[in-house]
Amino acid sequence: MNNALKTTALLGLLTGLLLLLGGGLGGRGGMTIALVFAALM
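32 is the number that this note's numbering gives to position 28 of the sequence shown; each next residue is one higher, with no gaps.
These aren't lab readings, by the way, just hints derived from the structure by calculation.
Warning: the hint list may mix true and false statements.
Said to hold, decoys possible - Each pair of labels, with its calculated beta carbon distance range: (1) T11 <-> G31: 27 to 33 Å; (2) T12 <-> V40: 17 to 23 Å; (3) G34 <-> A13: 31 to 37 Å; (4) L44 <-> K10: 32 to 38 Å; (5) L25 <-> M5: 25 to 31 Å; (6) A8 <-> L39: 19 to 25 Å; (7) T36 <-> N7: 18 to 24 Å; (8) V40 <-> T11: 31 to 37 Å; (9) V40 <-> L17: 14 to 20 Å.
Note that CB positions come from ideal geometry on N, CA and C, so glycine has one too.
With the hints as constraints, model all of the structure from the sequences given.
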């Protein structure tokens with residue numbers, strides 16, 4: 005597997021995890037904050 009593909013997959017997985025945690029803990033507002041946080045990373 006190409007390193008760029010591995011990195012992209014890992015970033016996508018981490019973004020999805022942040023969104024799930026944000027949505028679970030804070031509802032729609034928490035999901036929005038998690039998405040902004042993931043974009044800043």
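Evaluated hints:
Judged by the Cβ atoms, the range 27 to 33 Å given for T11 and G31 holds: they are separated by roughly 31 Å. Range check, T12 to V40: about 20 Å between beta-carbon atoms, so the 17 to 23 Å window is met. Under the hint 31 to 37 Å, the C-beta atoms of G34 and A13, about 24 Å apart, miss the expected range. Hint check: L44 to K10, Cβ distance near 22 Å, so the stated range 32 to 38 Å is violated.
At roughly 27 Å, the beta-carbon separation of L25 and M5 lies within the given 25 to 31 Å, and the hint holds. Between A8 and L39 the Cβ separation comes to about 23 Å, which falls inside the hinted range of 19 to 25 Å. The supplied range of 18 to 24 Å is broken by T36 and N7, whose beta-carbon atoms lie about 31 Å from each other. Between V40 and T11 the C-beta distance comes to about 21 Å, which lies outside the given range of 31 to 37 Å.
A hinted range of 14 to 20 Å holds for the C-beta pair V40 and L17, which are about 18 Å apart.
Hint check: violations occur at hints 3, 4, 7 and 8; the rest are consistent with the structure.
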